[in-house]
Structures are given as structure tokens and as C-alpha cells.
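**Student:** Next come the chains, spelled out residue by residue.
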Amino acid sequence: MSFGDWIGQLENWIFAILAVGTLSGAFLVVHSRNVIHSALGLVLTLGSSAGLFLMLGAEFVAWTLVMVYIGAVIVLFLFGIMITRAPLGYESDLSHPMSVKVTAAIVSGSMFALIGWAFLDAFGSVEFPVAEGPTRTADIGISMFTNYVIPFEVMSFLLLAALVGGIVLARQDPEEVDE
Amino acid sequence: MNFDYHALLPEIILASTVMLVLVTDLLPVKKYWAAVVGIIGTSAALVPLLTLTFCDSLDFCEATGARSMFSGTYVVDSFSLVLKGLFLVVALVVLLMSIGYLEGGRFWQGEYYFLLLASVLGAVVMASSRDFISMFVGLELVTGPTFLMAGWRKGDDRSNEAALKYFIIGVISAAILLFGISLVYGVTGQLRFADVAAAIAVRGESPLLTIGVIFTILGFAFKVSAAPFHFWTPDTYEGAPTPVTAYLAVGSKAAGFVGLLTVAYVAFGSTRGLWAGLIWVLAATSMTLGNVVALKQTNIVRMLGYSSIAQGGFMLVPFGALAGADVTPDMLQKAFFATVTYVLIYAAMNLGAFATIIAISNRIKSGEIRALAGLGVYAPGLAGLLAIFFFSLAGIPPVAGWFAKLAMFNSAIGSGSGWGLALAIIAALNAVVAFAYYGKIVKSAWFDAVPDDVSDAMKADTKVAPSLMLALGITFVGTIAFGVFPSLVTGLSEFASSLSSGL
Numbered sequence: 001m002s003f004g005d006w007i008g009q010l011e012n013w014i015f016a017i018l019a020v021g022t023l024s025g026a027f028l029v030v031h032s033r034n035v036i037h038s039a040l041g042l043v044l045t046l047g048s049s050a051g052l053f054l055m056l057g058a059e060f061v062a063w064t065l066v067m068v069y070i071g072a073v074i075v076l077f078l079f080g081i082m083i084t085r086a087p088l089g090y091e092s093d094l095s096h097p098m099s100v101k102v103t104a105a106i107v108s109g110s111m112f113a114l115i116g117w118a119f120l121d122a123f124g125s126v127e128f129p130v131a132e133g134p135t136r137t138a139d140i141g142i143s144m145f146t147n148y149v150i151p152f153e154v155m156s157f158l159l160l161a162a163l164v165g166g167i168v169l170a171r172q173d174p175e176e177v178d179e
Numbered sequence: 180m181n182f183d184y185h186a187l188l189p190e191i192i193l194a195s196t197v198m199l200v201l202v203t204d205l206l207p208v209k210k211y212w213a214a215v216v217g218i219i220g221t222s223a224a225l226v227p228l229l230t231l232t233f234c235d236s237l238d239f240c241e242a243t244g245a246r247s248m249f250s251g252t253y254v255v256d257s258f259s260l261v262l263k264g265l266f267l268v269v270a271l272v273v274l275l276m277s278i279g280y281l282e283g284g285r286f287w288q289g290e291y292y293f294l295l296l297a298s299v300l301g302a303v304v305m306a307s308s309r310d311f312i313s314m315f316v317g318l319e320l321v322t323g324p325t326f327l328m329a330g331w332r333k334g335d336d337r338s339n340e341a342a343l344k345y346f347i348i349g350v351i352s353a354a355i356l357l358f359g360i361s362l363v364y365g366v367t368g369q370l371r372f373a374d375v376a377a378a379i380a381v382r383g384e385s386p387l388l389t390i391g392v393i394f395t396i397l398g399f400a401f402k403v404s405a406a407p408f409h410f411w412t413p414d415t416y417e418g419a420p421t422p423v424t425a426y427l428a429v430g431s432k433a434a435g436f437v438g439l440l441t442v443a444y445v446a447f448g449s450t451r452g453l454w455a456g457l458i459w460v461l462a463a464t465s466m467t468l469g470n471v472v473a474l475k476q477t478n479i480v481r482m483l484g485y486s487s488i489a490q491g492g493f494m495l496v497p498f499g500a501l502a503g504a505d506v507t508p509d510m511l512q513k514a515f516f517a518t519v520t521y522v523l524i525y526a527a528m529n530l531g532a533f534a535t536i537i538a539i540s541n542r543i544k545s546g547e548i549r550a551l552a553g554l555g556v557y558a559p560g561l562a563g564l565l566a567i568f569f570f571s572l573a574g575i576p577p578v579a580g581w582f583a584k585l586a587m588f589n590s591a592i593g594s595g596s597g598w599g600l601a602l603a604i605i606a607a608l609n610a611v612v613a614f615a616y617y618g619k620i621v622k623s624a625w626f627d628a629v630p631d632d633v634s635d636a637m638k639a640d641t642k643v644a645p646s647l648m649l650a651l652g653i654t655f656v657g658t659i660a661f662g663v664f665p666s667l668v669t670g671l672s673e674f675a676s677s678l679s680s681g682l
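Chains as they are written, first to last, in our numbering: chain Z, 1 to 179; chain B, 180 to 682.
Incorrect hints may have been included.
[Unchecked claim] Per label pair, the in silico range of CB-to-CB distance:
no. : chain 1 : residue 1 : chain 2 : residue 2 : range
1   : B       : P407      : Z       : A113      : 17 to 25 Å
2   : Z       : L56       : B       : E547      : 26 to 34 Å
3   : B       : A639      : Z       : L76       : 50 to 58 Å
4   : Z       : L56       : B       : L357      : 15 to 23 Å
5   : Z       : A113      : B       : G368      : 22 to 30 Å
6   : B       : P407      : Z       : V20       : 32 to 40 Å
7   : Z       : L23       : B       : Y364      : 21 to 29 Å
8   : B       : L608      : Z       : D139      : 52 to 60 Å
9   : B       : A377      : Z       : R136      : 25 to 33 Å
10  : B       : L229      : Z       : I167      : 31 to 39 Å
11  : B       : L357      : Z       : R136      : 38 to 46 Å
12  : B       : F182      : Z       : D139      : 20 to 28 Å
13  : Z       : H31       : B       : D631      : 55 to 63 Å
[As the list claims (entries may be wrong)] In silico negatives: residues of chain B with every beta carbon more than 10 Å from chain Z:
no. : residue
14  : V208
15  : G452
16  : I604
Just so you know, the hints here were simulated from the structure itself, not pulled from any lab data.
All C-beta atoms, glycine included, are put in the ideal place defined by N, C-alpha and C.
All chains should be built: construct the whole structure from the sequences, respecting the hints.
**Tutor:** Written out as C-alpha cells, the structure reads:
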């Protein structure tokens, strides 16, 4: 497919916009010296990825991303920043020395190249069939409560454990018991 | 959909126990009752394991062999029965070790027992998981509560550091593992281990699959604290409350090995070439680094931390020895058998070592190796136990450790490849180094003069909490029995090795 054909299709325009949103949000997260801006960058990244999932017909994943990550996790971040009275505004000591930056760039660059090459090698010439309409959320629910009921229950215990443990860590130690 | 309630009974009993412990904590009774409920429930969960094992000879039980549930994602077979038994016994011993420790300080107790048992529930689920989702979620339930338990001494900076380091490394390793799993899923389109193996056999290897396999194995390498992914281990072990350290070193590590065994042998069984070389390197570095650094330690728990890294390396040897070998099914079975044997014996002796350390440091109020000098003079019983467990860790007959080492060497040399032989030589050299530091402590405990800071009151205080005594008793009997009658442990691990025979 030539570039002219590619650019002529509407969905490719939507994809390009969402991809740029995802990447620029991610860049903002790691680059900004202001914690609040980083958190907002995350909103942009997650929102755009939700859009990408929608384009793939994965409705459930897309709306979970919006509700759980944007709706809950980011709000939790902002609350956390607020409650811990972290200094707002620009931080100067967030920056790493040049040697660290260069190493990080080399490592992440080579990882990106390696994984990117492996992806092209595996799927570069594969035409994926287009799914007929979106995945039904009901199907996901049914499979969650039949085949995957054990992981579901395990997840519930994990959340309960996190809740109980979190309360203990935030709470004062018990008084010495007199005996 | 039919539930096989009998096969799920251990999980159901344990899950109910977890909830009951939380409820007991609300009742106006002494806090240790939560632990008592936990102990009763964990013991009760062992009963269905026995009825499932001896199903053939029981009237009420329908014998079906391996019980596959939820479209093959959850399987109760002999491997999972043995490992579930191991996790439950580990839970019992750690509960017994914890009671006295928690009663002695300002700790939230009911919540602690709840978290410990929740983590054990995760390990029990992992032993039966035969797909990536159950396995990953089970692993998260194993590690999640331990992050919190590592920080249970809230007033202590080192405990905070332990929890934070463990949390950050644990989360990163989960991300690496999940990334690997998602790549494998992307290439094969399957989540069930059997289907993944079949898809790999059909499609052959590709670079993307290689990256996926490597990331998945590395994710588990973090969990079993194999070098060079071990750096959280010493700090976390030293800072966490000692019973939690014992659980991390034994329960959580064994859970990591269960994941590694099932993923490597079942899901990636046909692509051994991809992981055997990688694990060869992990095994060699873990053994060497763990043992050499352990030589210089002054704190006993920190030393046991490095020693557990090294022991993890020994457990990885049978995997790594398959590198470059012309693998036969018989050889795979032997390698699988060797790792399971090592895990079972390691659990008994390492828990015993930690229980002894707790008993000793209750008495002399110090975790320094220096302070152990002359222990044999005023506490011959504890010094004797220390010698037995440490000799077992070093691999000296007749205590259990020698048999674990024998099985490990047997499988490494039996692979017949130069790589296997080289790894066996590295392991042998390391066994000698390990003997140096275990032996040094035992020698100091028996032959050196008592240091001045051990007061007469400490010498006269012979009290050991009854629960701790019981924990010492169980691990002592296990360590001696496995060493004198290796057929006990070979029976268990041969039974468990059925998993590898399908390859």
C-alpha cells in the first residue's frame, strides 16, 4: 500500500492522531519537572490508548482504561500529591546527571530497536482479519465467571489483602498489652 | 458447569480460614486465637490433599487421575498435590514461628495472620495453575501481602526500607513477567500452557517468541531472587521481621520455583534451547555471588539471605544443565525430580535455620554472628540445632541437605553435555565455599569464648515459646528424616515429577 492510499483513509487519520496523543503524553510524563503536569500527561496517554483500543473493537478494555485508570488512578495520584503536601511547581532535583541520561537513552533505544525489529519480523507481512463488530462485554463477563473464576476469586483476595494491609500500615501501632 | 468440589476443597478450606482469621480478630479474645484458627484451618486443608492422593483406595472417592477443571486452566495432579502440601506445611511452621515473635512486640496480629494465609492461598492456587492468567494472578497474591508484611515493624527504618525495596523490585518484576507473557500470547495466541506448547511446536521459534520467553523467565528469576536480580534480597531479609523473612526465603521462593517449573517444562518445554542457556548463567552467578558474599557477612539473617540466593542457584542447576544437551524424556524427568527434591528439602532445613535464629536472638537480643560465640556453653540445645540445620544447608550427611545436592549433581552430570558438566563443577566449588561460612558459625558457637555483652540473665533464660518449640520440632524431624531416609522425599518428588513425563 502506498503512502497516498494510506493517508486517504479516514481511520488512518484517527489512528495517527491517537498515536501522536499517546506518544506526546508519555513524553510529557517523563520529561515534565512538574508532578501535576506528569499526571496530566498520563491522562492524555491513557485516553489516547483507550481510543486505540476502541478502534480495535475492544470496547471493554477501552472503557476500563477510562474508568479505572483515568477516573480512579490518576485522581488518586492527584489526591496523593495533595495530601502528602508535595511541593507543587517546578522541581529542580528531579533531573539526573548526563551520564545516567545517556545510559538510559542507549538502553531504552536498543530495547526499542530490538523489540520493534522482532515485531516486524513476526507480524510485518501478516494481514490480520478485521473483527466483525466490537467484542461483546457480556462474553468477557461469561468467561470471567466460568473458565477464569479462580483468578477472579484470587484477585478478590488480593484486593482485600491490599485493603487490610494498607490500613495497618497507615494506622498507629497498637498499645502495649498489659499482662 | 460442574465443579469438582473435592479437588477444590483445599483451596475452599484455606480461603474460608483466611476469612475466619479476619473475623476472629474482631472478637473480644486474645489476639493469638487468630493464629490458632489459622493453624486449625491450614491443618484441615491438608486432609483433602491426603484423600485426593489416596483416592484410588478410598470408597467414597471417584478416582479420575489428574483432575482438569475450567477447560484445563486449573489442574489437580500429583505435582500440585505435593507442592500444595509443602505450602500448607510451610504456612503452619511460619504461623508457629510468628506467634511468639508478634506477642513480644507492638504488632497488629490478626491482620498479620490474615495476610500470611492469603499469601499461602496464592501459592496453593499457583501449584494448580496451568495457564498464564491463573499463574500470574496467583503469583501476585503470593507477593502482594508479603510487601506489607516485610514492613510490619513500622517504627523501624530498616523494615520500611525492606518493604519499599521489595515492593518496587516486585512491581518491576511483575511488569517484566507480564510483558513476556503478553509477547508469548501475541505470538502463539494461547494462554493455556499445553496450547502454548502446541502452538510453538507448530509455528517454530521466532525472535519475538525468544524475547517473550526470556522476559517471562527473567520475571520469575526476580521472584526466586536469582543473581543478578537478587539485590533486593539481603536488605529485605535483614529488615523484615524474621518470621516474614523465613516465609520469603522458603514459601515465596518455592512459589517462584513452582511457576518456573510449570512454565519452563510445560509451556516452553519444546523450546528448551531458549531458556536452558539463560538459566545456566543465572544458576552459575547466583551460586557464586551468593556464596562469596555470604562469607563476609556479620549479620546472621543477612548471611542467610545470601545463602538463600546461593541455594536458589543450586535449585536452578538442573534446568541450566539441559543447555546444549541432547535431551531425552528420561533426562527431563531427572532434572525436574532434582529441583522438586531440592525445594522440599530446602524448605525443611531453611525454616529450621530461621526458627533457630529466632530462638537464639530472643535470648541474646542480637542478630550479629559475633554474638553467637560460645552458644554451646550456655545453650547446648540451640547450638546443636544450629549445627544440624547449618550442616544440612552445607550438604553434609546424614542430615537432609546432602541428598538434595546429590540429586542436583546427578541430574547435572547425567545431562552428558559439556555445559552440564561445567555447571556441576561450579556447583561443587560453591558447595565447598558454602561449607566455609556455615562451618565457621557452627565452630564459633561451639568453641569460641562467650562475648562480654551476653549477660548472665540471658544465659540463664532457657525459655523458648511452646509454639516456636513445635516449629523447631517439625523442621528438625523433617531435616533428620529426609536425610536418613531419602526414600521419603524421593517418594514425594517422584510422585510430583509426573508433570514432566508428558513432554
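**Student:** Now look at each hint and say whether the structure bears it out.
**Tutor:** Hints, verified against the model:
| no. | hint | in the structure |
| --- | --- | --- |
| 1 | B:P407 x Z:A113: 17 to 25 Å | holds (23 Å) |
| 2 | Z:L56 x B:E547: 26 to 34 Å | violated (59 Å) |
| 3 | B:A639 x Z:L76: 50 to 58 Å | holds (54 Å) |
| 4 | Z:L56 x B:L357: 15 to 23 Å | holds (19 Å) |
| 5 | Z:A113 x B:G368: 22 to 30 Å | holds (25 Å) |
| 6 | B:P407 x Z:V20: 32 to 40 Å | holds (38 Å) |
| 7 | Z:L23 x B:Y364: 21 to 29 Å | holds (24 Å) |
| 8 | B:L608 x Z:D139: 52 to 60 Å | holds (56 Å) |
| 9 | B:A377 x Z:R136: 25 to 33 Å | holds (27 Å) |
| 10 | B:L229 x Z:I167: 31 to 39 Å | holds (37 Å) |
| 11 | B:L357 x Z:R136: 38 to 46 Å | violated (25 Å) |
| 12 | B:F182 x Z:D139: 20 to 28 Å | holds (21 Å) |
| 13 | Z:H31 x B:D631: 55 to 63 Å | holds (58 Å) |
| 14 | V208 | holds (13 Å) |
| 15 | G452 | holds (17 Å) |
| 16 | I604 | holds (33 Å) |
Checked against the numbered hints listed earlier, the structure breaks hints 2, 11; every other hint is satisfied.
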